[in-house]
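Going line by line, the protein sequences match chains W and L. Everything in the first sequence is counted per the working numbering, starting at 20 for the first residue and increasing by one. Everything in the second sequence is counted per the working numbering, starting at 86 for the first residue and increasing by one.
No lab work stands behind these hints, which were simulated from the structure alone. Here a beta-carbon is modelled for each residue, glycine too, at the ideal position from N, C-alpha and C. Mixed in with the good hints, there may be bad ones.
[Claimed, not checked] Dumping the calculated DMTMM-like pairs for lysine to aspartate or glutamate here, alpha-carbon to alpha-carbon at most 20 Å: (1) Lys61/W / Glu78/W; (2) Lys127/L / Glu20/W; (3) Lys127/L / Glu87/W; (4) Lys102/W / Asp90/W; (5) Lys61/W / Asp124/W; (6) Lys153/L / Asp134/L; (7) Lys156/L / Asp116/L; (8) Lys61/W / Asp134/L; (9) Lys97/W / Glu75/W; (10) Lys102/W / Glu37/W; (11) Lys76/W / Glu87/W; (12) Lys97/W / Glu116/W; (13) Lys76/W / Glu124/L; (14) Lys97/W / Glu37/W; (15) Lys102/W / Glu63/W; (16) Lys97/W / Asp81/W; (17) Lys61/W / Glu124/L; (18) Lys127/L / Asp124/W; (19) Lys102/W / Glu72/W; (20) Lys127/L / Glu63/W; (21) Lys127/L / Asp169/L.
[Stated by the list, open to error] Now the stretches of chain W that chain L is said to cover, found in silico as 3 or more residues with beta-carbon under 8 Å: (22) 55-67; (23) 114-127.
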Amino acid sequence: EPEVTQTPSHQVTQMGQEVILRCVPISNHLYFYWYRQILGQKVEFLVSFYNNEISEKSEIFDDQFSVERPDGSNFTLKIRSTKLEDSAMYFCASRREGQPQHFGDGTRLSIL
Amino acid sequence: GESVGLHLPTLSVQEGDNSIINCAYSNSASDYFIWYKQESGKGPQFIIDIRSNMDKRQGQRVTVLLNKTVKHLSLQIAATQPGDSAVYFCAENTGDDYKLSFGAGTTVTVRA
Chain W
20 EPEVTQTPSH QVTQMGQEVI LRCVPISNHL YFYWYRQILG QKVEFLVSFY
70 NNEISEKSEI FDDQFSVERP DGSNFTLKIR STKLEDSAMY FCASRREGQP
120 QHFGDGTRLS IL
Chain L
86 GESVGLHLPT LSVQEGDNSI INCAYSNSAS DYFIWYKQES GKGPQFIIDI
136 RSNMDKRQGQ RVTVLLNKTV KHLSLQIAAT QPGDSAVYFC AENTGDDYKL
186 SFGAGTTVTV RA
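Using the sequences and the accompanying hints, generate a full structural model.
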């Protein structure tokens, strides 16, 4: 069964550094999402992406965040200047029209 | 406040018994609901979904019930197995873009 894949599984970064989290959505999916989950808390929506543009974003997704689909297979989340509070699990999800979202296994981001 | 929440944070169930996990939502405009299962170190895994024009949907060993009058959603797992031990989240969609709002999660532990 096709899966959403995310790399790396764990990323450790110094505060203030830029980080890029990578996702390969399921190949025939057209809608893409990023969520985050702070340890012990619920999953929170960050951003949705369709037709090469952001369709919706949350308050968390401020100017330090950006997303990109650089080619036909990758979907990336960039944090320009990381803060301690950015430490969390970051999940990528994708879906087809009218279908539920399928999630990857996440990237654990640790900011030191 | 939260638009989606769960009544109980933990549920312990004997192997072979049926499990019922509850979820309350507050947004009457929500039209689509999903149950996800999250095992340790993994991303949310789709279990079953239901649209607001239905009140019941069955899958393999799982049933979702939707009561729009009281804004309540439940997941029933028949003949619970050790592999069902996980955190279960309900999620709702309130917009065109199918961004999901997650509840806090219920941890299900299956006793042998």
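These are the hints, each one checked on the structure:
{"no.": "1", "hint": "Lys61/W / Glu78/W", "verdict": "holds (16 Å)"}
{"no.": "2", "hint": "Lys127/L / Glu20/W", "verdict": "holds (16 Å)"}
{"no.": "3", "hint": "Lys127/L / Glu87/W", "verdict": "violated (24 Å)"}
{"no.": "4", "hint": "Lys102/W / Asp90/W", "verdict": "violated (28 Å)"}
{"no.": "5", "hint": "Lys61/W / Asp124/W", "verdict": "holds (15 Å)"}
{"no.": "6", "hint": "Lys153/L / Asp134/L", "verdict": "holds (15 Å)"}
{"no.": "7", "hint": "Lys156/L / Asp116/L", "verdict": "holds (11 Å)"}
{"no.": "8", "hint": "Lys61/W / Asp134/L", "verdict": "holds (19 Å)"}
{"no.": "9", "hint": "Lys97/W / Glu75/W", "verdict": "holds (16 Å)"}
{"no.": "10", "hint": "Lys102/W / Glu37/W", "verdict": "holds (10 Å)"}
{"no.": "11", "hint": "Lys76/W / Glu87/W", "verdict": "holds (14 Å)"}
{"no.": "12", "hint": "Lys97/W / Glu116/W", "verdict": "violated (26 Å)"}
{"no.": "13", "hint": "Lys76/W / Glu124/L", "verdict": "violated (27 Å)"}
{"no.": "14", "hint": "Lys97/W / Glu37/W", "verdict": "holds (7 Å)"}
{"no.": "15", "hint": "Lys102/W / Glu63/W", "verdict": "holds (17 Å)"}
{"no.": "16", "hint": "Lys97/W / Asp81/W", "verdict": "holds (11 Å)"}
{"no.": "17", "hint": "Lys61/W / Glu124/L", "verdict": "holds (14 Å)"}
{"no.": "18", "hint": "Lys127/L / Asp124/W", "verdict": "holds (5 Å)"}
{"no.": "19", "hint": "Lys102/W / Glu72/W", "verdict": "violated (25 Å)"}
{"no.": "20", "hint": "Lys127/L / Glu63/W", "verdict": "holds (16 Å)"}
{"no.": "21", "hint": "Lys127/L / Asp169/L", "verdict": "holds (14 Å)"}
{"no.": "22", "hint": "55-67", "verdict": "holds (count 6)"}
{"no.": "23", "hint": "114-127", "verdict": "holds (count 8)"}
Violation of the numbered hints given earlier is confined to hints 3, 4, 12, 13, 19; the remaining hints are satisfied by the structure.
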